[in-house]
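Protein chains: 4
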Amino acid sequence: MLAKAKKPKWERKAEERPGALLEAALDVFTRQGYRAARLESVAEAAGVSKGTIYRYFENKEDLLKRALQDKVDVKIAHAEAALQEIRGGADVKLRYILDRYWKRAMEPDWGRFHRLMFGEIASEQPLLFRFWIEKGTVRAWKLIEDIIRAGQAEGAFRKDADAQGIAQFALSGLTHQAYLKMHLGQRGSGVCPPDRIFASSFDLLITGLKPKTPAGKNHD
Amino acid sequence: MLAKAKKPKWERKAEERPGALLEAALDVFTRQGYRAARLESVAEAAGVSKGTIYRYFENKEDLLKRALQDKVDVKIAHAEAALQEIRGGADVKLRYILDRYWKRAMEPDWGRFHRLMFGEIASEQPLLFRFWIEKGTVRAWKLIEDIIRAGQAEGAFRKDADAQGIAQFALSGLTHQAYLKMHLGQRGSGVCPPDRIFASSFDLLITGLKPKTPAGKNHD
Amino acid sequence: MLAKAKKPKWERKAEERPGALLEAALDVFTRQGYRAARLESVAEAAGVSKGTIYRYFENKEDLLKRALQDKVDVKIAHAEAALQEIRGGADVKLRYILDRYWKRAMEPDWGRFHRLMFGEIASEQPLLFRFWIEKGTVRAWKLIEDIIRAGQAEGAFRKDADAQGIAQFALSGLTHQAYLKMHLGQRGSGVCPPDRIFASSFDLLITGLKPKTPAGKNHD
Amino acid sequence: MLAKAKKPKWERKAEERPGALLEAALDVFTRQGYRAARLESVAEAAGVSKGTIYRYFENKEDLLKRALQDKVDVKIAHAEAALQEIRGGADVKLRYILDRYWKRAMEPDWGRFHRLMFGEIASEQPLLFRFWIEKGTVRAWKLIEDIIRAGQAEGAFRKDADAQGIAQFALSGLTHQAYLKMHLGQRGSGVCPPDRIFASSFDLLITGLKPKTPAGKNHD
DNA sequence: TATGAATGAGCCTTCATTCAT
DNA sequence: CATGAATGAAGGCTCATTCAT
Chain A
28 MLAKAKKPKW ERKAEERPGA LLEAALDVFT RQGYRAARLE SVAEAAGVSK
78 GTIYRYFENK EDLLKRALQD KVDVKIAHAE AALQEIRGGA DVKLRYILDR
128 YWKRAMEPDW GRFHRLMFGE IASEQPLLFR FWIEKGTVRA WKLIEDIIRA
178 GQAEGAFRKD ADAQGIAQFA LSGLTHQAYL KMHLGQRGSG VCPPDRIFAS
228 SFDLLITGLK PKTPAGKNHD
Chain B
28 MLAKAKKPKW ERKAEERPGA LLEAALDVFT RQGYRAARLE SVAEAAGVSK
78 GTIYRYFENK EDLLKRALQD KVDVKIAHAE AALQEIRGGA DVKLRYILDR
128 YWKRAMEPDW GRFHRLMFGE IASEQPLLFR FWIEKGTVRA WKLIEDIIRA
178 GQAEGAFRKD ADAQGIAQFA LSGLTHQAYL KMHLGQRGSG VCPPDRIFAS
228 SFDLLITGLK PKTPAGKNHD
Chain C
28 MLAKAKKPKW ERKAEERPGA LLEAALDVFT RQGYRAARLE SVAEAAGVSK
78 GTIYRYFENK EDLLKRALQD KVDVKIAHAE AALQEIRGGA DVKLRYILDR
128 YWKRAMEPDW GRFHRLMFGE IASEQPLLFR FWIEKGTVRA WKLIEDIIRA
178 GQAEGAFRKD ADAQGIAQFA LSGLTHQAYL KMHLGQRGSG VCPPDRIFAS
228 SFDLLITGLK PKTPAGKNHD
Chain D
28 MLAKAKKPKW ERKAEERPGA LLEAALDVFT RQGYRAARLE SVAEAAGVSK
78 GTIYRYFENK EDLLKRALQD KVDVKIAHAE AALQEIRGGA DVKLRYILDR
128 YWKRAMEPDW GRFHRLMFGE IASEQPLLFR FWIEKGTVRA WKLIEDIIRA
178 GQAEGAFRKD ADAQGIAQFA LSGLTHQAYL KMHLGQRGSG VCPPDRIFAS
228 SFDLLITGLK PKTPAGKNHD
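Chains as they are written, first to last, in the numbering used here: chain A, 28 to 247; chain B, 28 to 247; chain C, 28 to 247; chain D, 28 to 247.
Fair warning: there could be bad hints in the mix.
For identical chains, the list gives no copy identity; a pair is met inside one copy or between any two copies.
Calculated cross-link-like contacts (lysine to aspartate or glutamate; reagent style EDC-like; alpha-carbon spacing at most 20 Å) [as the list claims (entries may be wrong)]:
{"no.": "1", "residue 1": "K239", "residue 2": "D126"}
{"no.": "2", "residue 1": "K186", "residue 2": "E151"}
{"no.": "3", "residue 1": "K239", "residue 2": "D118"}
{"no.": "4", "residue 1": "K87", "residue 2": "E67"}
{"no.": "5", "residue 1": "K87", "residue 2": "D222"}
{"no.": "6", "residue 1": "K237", "residue 2": "D189"}
{"no.": "7", "residue 1": "K102", "residue 2": "D118"}
{"no.": "8", "residue 1": "K186", "residue 2": "D230"}
{"no.": "9", "residue 1": "K208", "residue 2": "D189"}
{"no.": "10", "residue 1": "K239", "residue 2": "D187"}
{"no.": "11", "residue 1": "K186", "residue 2": "E134"}
{"no.": "12", "residue 1": "K102", "residue 2": "E71"}
{"no.": "13", "residue 1": "K208", "residue 2": "E151"}
{"no.": "14", "residue 1": "K87", "residue 2": "E71"}
Rather than coming from a laboratory, the hints here were simulated on the basis of the structure.
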């Protein structure tokens, strides 16, 4: 008990260093691309020297994997945490969760991360890519799907809608739009501003999910 | 007769070389990524030696640019050609065009091409990327948008829908789903099969666009 | 006799081609340097294609050798021809021949030729270089030396002067000065203009060669 | 004790590397020519591997420039240092300084250095070449010129001699002769041995500079 | 343990040379 | 015989990785 508290400085350091490296690596890789990025840039960004990387990671690929793993874990944890807090009807929940996603997707680092994942990791680290999709994306789909299902159960949404397909389609629509925004900026001719994209997407979704003839209300 | 069958060390095919190289380059670049691809692989794929590339292209970057340009031109030409042939109401047109897009997007080379574009070209050749988006993607959006507008004019679609926003959202939804399919395959747990994705996406779109109280039917 | 006159065109061409190539090669090599020059440049300058060079020359080195050999032969022939035409005393002859040399050395192609010889040929083709020196330079020295000796015999130059050493030194002085002029131009600060260099060089030479106590004048 | 004598794969000599590389580069470049020299040869000569060069120099050209700059600086510094130590009349000074120059010029590395400068640098690095000429050659000319002028002021040399022109001519004569010696060796037929060249050159110079009628002595 | 000098495999590019046409 | 497309060895440069300090 006593001995445990007496952690030498360098040991703590050794624990912390990988964190800084992981962060730096992710930042550099997402900005410059995995292959294009030099390990020296990562070291510099982390404030350590090139050689130090090899104390904590086997090689460049290992650094990539661990950095992504780390990020994926964090992202998923965050998402999970924020999930069940919402109260309200299915449409309220849906708006809340999609709005949240859209806002996050508008941040620059989100776009860079996705570019890395879809561009290089998808082909060079397929297992990792799939892991990320399954732990992150698929889970998000599921979430939306569940909300839709709940809505159907409530009678707020029409029962013949394919909850799963629609959830996936809708989230993909937002994801890809966000992705394009990063590369094109707002100005591109013929490109909707973010707010309108979200508004019309959500409008389509809600309208498309509404019961055709709102049973109860029709009679009254 | 027997002796005549001598095999030349190489053949003189100045006319076909550039095209073959362009094709080989695109194939190799989309499969391996631009940076990761060695020029020697391209040469090999085209059945020539490394040096030959430099007779027709200035350098690796030039080869990339021209290969993409070429592809983009071809794609756009194809799309343009097939556009106006469709007859029928807005909903028929919409189904036809989206179905076409979806089928194309299910082909493996489409996915690889997109991965290259969104992964490396977007960051390393931004001008080329934007050109592609503007000539290809934005034009496709426009097409969908116009069909929706026509449907609104006909009374087939509700007038308060944001044609532009919905068009972009919908096409992005399909694009991104197709993209994921390439990497995940059909089997992934929790992943809808292609047909269902398309069906439910189209269903959402049509349902979401329908007039709230279909004028004629209301009276009956 | 009849048959000989009927020389087909291509046969004449074949004879002429090497001449044009030789000239082009020398021009290109002297301008760009032997190693830096591409054979394609030579071909282009000669108005033929790359492959044609190999019909007449074994390889790049052979082309260089033959082009130089050719040039050396021509230069020497020219020099020899113009040598014995001069009449007059030793000092007149000396002025004539050095003036001639200086004027030639001021022409740009002379400088380029020397740069090639002293820069690359001297180390890469030592035998050829030596041949050139012996056939050209040494012969020129000899010529000056002989004129000085003649002057000594006439009593115009002092007898204790080392005719050979002085001849070589003097010609080298002019050669090197000409060489520098090519690279520095006239403007360089602290650099004498060509005319003054020649005038003062010749002045030094003549003055330095004059008998210490000019016989006739001694008596006065 | 025995086990300790382990030979490391390489040694860490950050301080000495640049200097050693500079030296090796100059040696290799002057021997093989700049373009002909492979960077690997330079590395080998310096006892390091190819890649190490790039830690200290940007590229081949940078290495060349810095090696030359370095050499020029050293040469000029040496020359400057040894200048003003000489005492005596103008003729003594002149002999001293020319003798010194001649001896230096007889050393093999001097010749190789000049071949590089005049052969390749003059055309490929004109600015550097001009810098060298101005800092080195022109300054040396000036020195000789000043000595001649001093001699003229003292009455040791005739006043109507063109000090500048003669200084340049004389130094060029020695320079070029030294240059030829390197390539021809002593043996060449019709080529004066070094000592005689210097002796006769100096003799011509002194004799050519002496006052025509040594004023004082004439009257007595 | 951290550093960064040193290594060397790898890849783009050039160009002398060959050879199908 | 002339052409110029094709070859492939060579060399400059980069950077992941190793290792002396």
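Could you work out which of the previously given hints the structure breaks and list their numbers from low to high?
1, 2, 5, 7, 11 and 12
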